[in-house]
Every structure is written in C-alpha cells, then in structure tokens.
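Chemist: Take a look at the letters that make up each chain.
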Amino acid sequence: MENILLILTYIAVTASAVSGALEARKHEMDIVRAMTIAFVTAFGGGTMRDLLLGRTPIFWVVDPFLSVITFFAALISFYWIDRIPKPLLNVPDAIGLAIFSILGATYAMQIDASAIVIVLMGVITGVFGGVLRDLMCNRIPKVFRQNTELYATCSFIGTWVFVICIWIGINSLAASILGASTVFILRLIAMRFKVTLPAP
Amino acid sequence: MENILLILTYIAVTASAVSGALEARKHEMDIVRAMTIAFVTAFGGGTMRDLLLGRTPIFWVVDPFLSVITFFAALISFYWIDRIPKPLLNVPDAIGLAIFSILGATYAMQIDASAIVIVLMGVITGVFGGVLRDLMCNRIPKVFRQNTELYATCSFIGTWVFVICIWIGINSLAASILGASTVFILRLIAMRFKVTLPAP
Amino acid sequence: MENILLILTYIAVTASAVSGALEARKHEMDIVRAMTIAFVTAFGGGTMRDLLLGRTPIFWVVDPFLSVITFFAALISFYWIDRIPKPLLNVPDAIGLAIFSILGATYAMQIDASAIVIVLMGVITGVFGGVLRDLMCNRIPKVFRQNTELYATCSFIGTWVFVICIWIGINSLAASILGASTVFILRLIAMRFKVTLPAP
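Chains as they are written, first to last, in my numbering: chain H, 1 to 200; chain S, 1 to 200; chain E, 1 to 200.
Honestly, the hints are just simulated from the structure, not real lab data. Note that the structure is predicted; figures quoted are calculated from it, not measured. Treat each hint with caution, since some may be false.
Simulated coverage check for chain E against chain H, where a stretch passes if three residues somewhere in it have a Cβ under 8 Å from a Cβ of chain H [to be verified]:
1. 49-55
2. 66-76
3. 117-128
Not close to chain S: a few residues of chain H, all C-beta gaps over 12 Å, as computed [to be verified]:
4. Tyr10
5. Leu173
6. Met191
Listed next, with one range per pair, are the computed distances between beta-carbon atoms [said to hold, decoys possible]:
7. Glu2(S) - Lys194(H): 14 to 24 Å
8. Ile111(E) - Ile164(S): 47 to 57 Å
9. Ile177(H) - Ile7(S): 36 to 46 Å
10. Tyr79(H) - Lys194(E): 45 to 55 Å
11. Ile7(E) - Gln110(H): 34 to 44 Å
Idealized CB from N, CA, C, for every residue including glycine.
Work out the full structure: start from the sequences and follow the hints.
Modeler: Shown next, in the form of structure tokens:
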C-alpha cells in the first residue's frame, strides 16, 4: 500500500506542477514566477493535509525527489506549452484534483478519522493546490467564482465513492482507482458541458 | 473545564458557520460555495490556533460532530436568511469573534505561554476565520479595511480582560464569560455607533 | 550556534516588523492595522518554516520577547517614518529577506533535509513574511508582479551560496554571513538598477 501511495503522490505532484506552470505561462509570467507557482500548486494540497493531520515534517521535506520532479515538470511544460493541444491544457489539473483527493482521504483514514472528516480532508487536499495557483495568478479561484464548472463538487463526490468502496470491503487499490476516476471523469464532463451549479 | 471548552467550541463553530453562510448568501453564492465558506469560517481560527500551538491532529479532525453541526448550521442559515431580521445579521460573527478569542487565549495558557503571546493567540484565533470568509467573498477583510468599525481591537481588549481576570484569581469560567462578553459588547457598540480608529 | 541563531532571529524579526509598519504607513493605514501587518511580516516566514518542519510550538509562541520587540519596532517606525530618508525605506525588507532565508535553510539542515529542500525552505522562509505583508496592503506581492526587481531569486542564490559554503566546510557563522550578505547585496543591486527577469 505504501508503494501505491508513493506512486500516486508522484503522479499527482507532477500533474499539479505541470498545471501550475501552464497556468503561469498563460498569464505570461517569467520562468521564476512560473516555477514558484508550479511548486505551490504541486505541494499546496499535500502540505495542508499533512499540517492538519499533524504529519510533520511535511511530505516534500522528507522526499527530495518530489522537488526534483516538480522542477523538471515545470521547466518542460513551461517551454513546451505551445506544442500542447488546447483541449489537453486542463487535464493535468483534473489529474491532480482527482489523485490528491484520494490521497487526502487515505491519510485521514489512517488516523481513524470519521467519514465526514475523511471526505473534507479529501476535498481540501484535492482543491487547495489549485486554489493557491489561481490566487497567485491573480484570479478568483475556480472554487469561488460564480458560473464556473463544478470543481470542489467533483472532488466531494469522488471522495465519497472512495470511502463507500472501502466501507463495502473493496481493496484500497481498486477503491483508489474508482474514486480518482470518478473525480477525473466528473471534472472532464463538467468542463466539456459547462456544468454549473444552479444560482440561488 | 474541558466540558466548558467543548461547549464554547460548539457555540463558536456554529455561530461562525452561520456567519459564513449568511455572508456567502449576501454575495449571491450558490450552496456549495456557501458551504465551503461556512466551513472555512467555522474552522479557520481554531485551525490556525492548533497549528501554531502544535496541537495536531486539528480539533475538527478529532471531533466529527463539529463538521456535522457546521454542515447543518450553514444549510439552515443559507435557506432561512430572508427570515432573519437585518440587525441580527452581524450577531453570529460577533459571537464567533468573542468566543474564539477566549478559546485561543485559553489553549495558549495551557502551554504556559506568556501574556503577550496569549493575547496574540486570542486575537488570531478570534479574527482568522472571519478574515478568510471575507477574502473568499472577495472583499478586503474587516481587519484591513480603512474606516471600518473596530474588529481586531475588540478581540484584543476582551482577551486582555480575560487574562487579567485569570491573573487576579477569578475562576476560568467567570473569566471566560467576562472576556467573551467584553469582546461581544464592544463589537456590537462599534458596529452600532460606527466606532473607527482615527486615521494617521 | 544556538546563540547565533537567536541573534539572527531577533535581527530578522525586528527588520521585518519595521518593513511591515513602514509599508502600512505608506498605505495610510492606522496604527492597529500597521501593528497587525508588522506582526504578520515579522512572524510569517518563520511560522511557515516551523509548521513545515514540524517545530511546534512555533518560535514566537515560545519566546515572548520577539512579540515585545516586534511591538516596539513597529510602534517606533510607524511614528518615525517621516524622519527616515527615502532610499533607506527598502533596507529593512532586504535585511529580513536575507536573514530569514539563511535561518530557514539552517533549520532545514538540522533535520538533514537534502540540498534542494534546504534551498526551498530558505526561499519560503525569506519570502513569506513579505508576501503576506504585500497581500495585506492589498497589492500583488513582489514575488508575483511582472516587471519587478528580483526578489525570490536573490533569496534563492544566497541560500545556495550558504549551502555550498557549508558543503565545502566553512563554519556555519561565516557561511551564514556570506549567504545573508549575498541575498542582501543582490537585492539592493536589483532595486538600485531595476534588474528584472526577461519576459517570456
């Protein structure tokens, strides 16, 4: 299980780093700012999770390779952005959202938190890196804008899917894949068909 | 004493959740955003307090009922806002400010912090949830706006009242009530009579 | 070594408090807001460092004199701003940036973090107080604005100088002075000659 969590962390961090660098590049930032935003996006969610759960030192302080990977993922995507087909630009963000949600929920489970706290931790971990990225690109984060496609809601539903899978005894790898896929697919659908919440 | 702290925490969290949901509703946000803001307002101050004092896992990770209460408090106040008389709209915020200030000071006392740190911790815990709520509603937080009624100052004075009460030997329940009432009444007075700090 | 770290902390906190108060005064804030911003600037970077490294309770919770010093440094600089020659206004910020960078790197070294994490921790610790200050003065932080003089980059280079000095066996006091001086001088040069990063 530890190995799976490690692999998931690497994928989520890489995807988030790419999404941070791409977003910074879209806002015509220079490489230092893009790198900063990539690091914050890649490490933000997991850092918040570790702080809230009392898992210190934080995950990326313990594992230096995460910083190396973030560095190169950001560097490459910053300079290669023009070669990336437009429809793919939002995929890394969706991957980070999906996997970080499951990771947050998993670590909350490990300290025997109850279901509602597990789901909250999933959503916070999934969403937080992207919120910081959007704030640093000087935009209202996706979570808070009106008339924007579902974002935190995807993470919320997918984390519940994961929790329920674990409850009914599905093994954690399958549950993780199911939960993360739910977040990911919901997010893609929400963007594709511009699904928004009804105004009050 | 533990029981009193628990009850105070429940009141403060509920009041802050209500204030978050009301504020979100005023800005015409949908229920998911209102819920997010309610949770951040309810948990923000205490989370910052627990992080700074090294009390992890954080209080709401340990006690799932806080999340349940926040959820329902936000839900009800979001849909009932129209039935709440206007002058009462700022009361929940004042209650949260008052009680969280005392809670922050109390926990800082428990690790034998000195008076100035205790007061700082009171102000941070009292103010932080509201600051995050205002930021998420895309406003300059009350603490930082010019020509706004006293906010952090009320928390500052009330926390000093609490600390001095403890110093002169008043029991902690009475001291808590006195301190919290001071914050609460000062805040109401400040809003009613639009008391502001003199410009420099 | 502990004594040196203590002295460096006092200098960095004082300088940052001054820079916070001056910045607030420039934005015509009142004394309570200026005090708030001074505290956040003085304590922000070190707080983030301690949280990430799991050093709790946080440094300023443990040492109450830091709060006292911040209070008076902010008070004096707030009321004396008109007597400070204009070119000196950015010096406290540069001192805080320089020393906090080295402090962040040093504490990361103490838990045997690897070089890239040490440097990241240096940059975060150096930059974070100033970022919060700028946010609270309702500006885009220096790190994120376009066409602004080098800021995080100075911290990055100086922290590497410090790390390399330690590697090649220079004693930690000399390494700290070399590293901090590098950050400080680079920052002054960047401001004096308006050195910016090339746009992408």
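Chemist: Compare the structure with each hint and give your call.
Modeler: Results for each hint:
1. Judged by the Cβ-Cβ criterion of 8 Å, the segment 49-55 of chain E is covered by chain H as claimed, because 4 of its residues qualify and three suffice.
2. With 0 residues having a Cβ less than 8 Å from any Cβ of chain H, the segment 66-76 of chain E misses the three-residue criterion, and the hint is violated.
3. With 3 residues carrying a beta carbon less than 8 Å from a beta carbon of chain H, the segment 117-128 of chain E meets the three-residue requirement, and the given coverage holds.
4. At roughly 25 Å from the closest C-beta of chain S, the C-beta of Tyr10(H) stays outside 12 Å, upholding its exclusion from the interface.
5. Annotated as non-interface, Leu173(H) keeps its C-beta farther than 12 Å from every C-beta of chain S; the closest such distance is 25 Å.
6. Against chain S, the non-interface label of Met191(H) holds: every CB pair exceeds 12 Å, the least being about 16 Å.
7. For Glu2(S) paired with Lys194(H), a C-beta distance near 50 Å fails the hint of 14 to 24 Å.
8. Between Ile111(E) and Ile164(S) the CB atoms are about 40 Å apart, so this pair departs from the stated range of 47 to 57 Å.
9. For the pair Ile177(H) and Ile7(S), the supplied restraint of 36 to 46 Å holds, since their beta-carbon distance comes to about 43 Å.
10. Between Tyr79(H) and Lys194(E) the Cβ separation comes to about 26 Å, which falls outside the hinted range of 45 to 55 Å.
11. With their beta carbons about 41 Å apart, Ile7(E) and Gln110(H) fall inside the hinted range of 34 to 44 Å.
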